[in-house]
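*Asks:* Okay, here's what each chain looks like letter by letter:
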Amino acid sequence: AQSVSQHNHHVILSEAASLELGCNYSYGGTVNLFWYVQYPGQHLQLLLKYFSGDPLVKGIKGFEAEFIKSKFSFNLRKPSVQWSDTAEYFCAVRAPGTYKYIFGTGTRLKVLA
Amino acid sequence: EPEVTQTPSHQVTQMGQEVILRCVPISNHLYFYWYRQILGQKVEFLVSFYNNEISEKSEIFDDQFSVERPDGSNFTLKIRSTKLEDSAMYFCASSEGGVTNTDTQYFGPGTRLTVL
Chain Y
1 AQSVSQHNHH
11 VILSEAASLE
21 LGCNYSYGGT
31 VNLFWYVQYP
41 GQHLQLLLKY
51 FSGDPLVKGI
61 KGFEAEFIKS
71 KFSFNLRKPS
81 VQWSDTAEYF
91 CAVRAPGTYK
101 YIFGTGTRLK
111 VLA
Chain X
1 EPEVTQTPSH
11 QVTQMGQEVI
21 LRCVPISNHL
31 YFYWYRQILG
41 QKVEFLVSFY
51 NNEISEKSEI
61 FDDQFSVERP
71 DGSNFTLKIR
81 STKLEDSAMY
91 FCASSEGGVT
101 NTDTQYFGPG
111 TRLTVL
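As given, the protein sequences belong to chains Y and X, one line each in that order.
Taking this note's numbering, the leading residue of the first sequence gets 1, the next gets one more, and so forth.
Taking this note's numbering, the leading residue of the second sequence gets 1, the next gets one more, and so forth.
To be clear, the hints were calculated from the coordinates, so they are not data collected in a lab.
Think about it this way: if two alpha-carbon atoms lie no more than 30 Å apart in a straight line, the pair counts; the simulated DSSO-like pairs of lysine-lysine are:
{"hint": "1", "chain 1": "Y", "residue 1": "69", "chain 2": "X", "residue 2": "42"}
{"hint": "2", "chain 1": "Y", "residue 1": "71", "chain 2": "Y", "residue 2": "49"}
{"hint": "3", "chain 1": "Y", "residue 1": "61", "chain 2": "X", "residue 2": "42"}
{"hint": "4", "chain 1": "Y", "residue 1": "110", "chain 2": "Y", "residue 2": "49"}
{"hint": "5", "chain 1": "Y", "residue 1": "58", "chain 2": "X", "residue 2": "42"}
{"hint": "6", "chain 1": "X", "residue 1": "83", "chain 2": "X", "residue 2": "57"}
{"hint": "7", "chain 1": "X", "residue 1": "78", "chain 2": "X", "residue 2": "57"}
{"hint": "8", "chain 1": "Y", "residue 1": "49", "chain 2": "Y", "residue 2": "61"}
{"hint": "9", "chain 1": "Y", "residue 1": "110", "chain 2": "Y", "residue 2": "58"}
{"hint": "10", "chain 1": "Y", "residue 1": "71", "chain 2": "X", "residue 2": "42"}
{"hint": "11", "chain 1": "X", "residue 1": "57", "chain 2": "Y", "residue 2": "49"}
{"hint": "12", "chain 1": "Y", "residue 1": "110", "chain 2": "X", "residue 2": "42"}
{"hint": "13", "chain 1": "X", "residue 1": "57", "chain 2": "X", "residue 2": "42"}
{"hint": "14", "chain 1": "Y", "residue 1": "69", "chain 2": "Y", "residue 2": "49"}
{"hint": "15", "chain 1": "X", "residue 1": "78", "chain 2": "X", "residue 2": "42"}
{"hint": "16", "chain 1": "Y", "residue 1": "58", "chain 2": "Y", "residue 2": "71"}
{"hint": "17", "chain 1": "Y", "residue 1": "110", "chain 2": "Y", "residue 2": "61"}
{"hint": "18", "chain 1": "Y", "residue 1": "71", "chain 2": "Y", "residue 2": "110"}
{"hint": "19", "chain 1": "Y", "residue 1": "69", "chain 2": "Y", "residue 2": "58"}
{"hint": "20", "chain 1": "X", "residue 1": "57", "chain 2": "Y", "residue 2": "69"}
{"hint": "21", "chain 1": "X", "residue 1": "42", "chain 2": "Y", "residue 2": "49"}
{"hint": "22", "chain 1": "X", "residue 1": "42", "chain 2": "X", "residue 2": "83"}
{"hint": "23", "chain 1": "Y", "residue 1": "61", "chain 2": "Y", "residue 2": "71"}
Could you put together the complete structure from these sequences and hints?
*Replies:* Rendered as structure tokens:
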């Protein structure tokens with residue numbers, strides 16, 4: 001069965017620190033990969049997505065993610081976080097030919113000013 | 001930027017009661033979805049809907065659940081007889097293209113359902 005793992009459940013960083021959030025998936029075939037962010041009291045917003053091509057994907061707000069097929073990973077990175085990045089981050093996978101997204105458990109990021 | 005909207009933001013109900021959660025998808029989107037997130041757990045897929053039919057559903061989506069597009073703008077999730085374990089955040093999503101390779105789902109803010 002398809003599954004998505006996010007290893008860091010809670011992350012606390014100071015402003016200007018670098019961020020890397022891990023995401024691994026179990027599906028063996030070609031997948032679509034997504035990172036969503038949920039700011040407090042708001043809806044899930046798409047940060048970035050990978051369908052094919054360049055494995056380094058750039059998203060909004062300075063975020064990027066790298067797809068490493070051999071490691072079944074799609075880690076999210078940001079070189080310098082801001083207080084406003086405090087939110088919950090969700091990795092999601094969709095196998096082509098299906099509608100459903102399979103989500104990880106989410107990572108709560110708190111950035112200290 | 002167009003957004004998916006959901007009402008109500010919070011619904012409290014008694015066990016055994018019927019609830020209807022409402023969603024207004026993005027206007028040019030044709031595919032609609034419901035997901036739920038039980039507190040502290042993963043966001044889970046419930047159902048997808050296209051052309052007035054369910055196109056895919058999970059094992060969670062049993063006979064107690066139904067979906068409907070009653071008019072040109074709303075998309076609803078009905079739970080016929082709520083149970084305590086239905087307490088969760090319910091997210092609606094919509095997309096343009098369904099299972100095409102580049103399709104992306106856009107999510108609403110969620111309805112928190114509390115069953116007492």
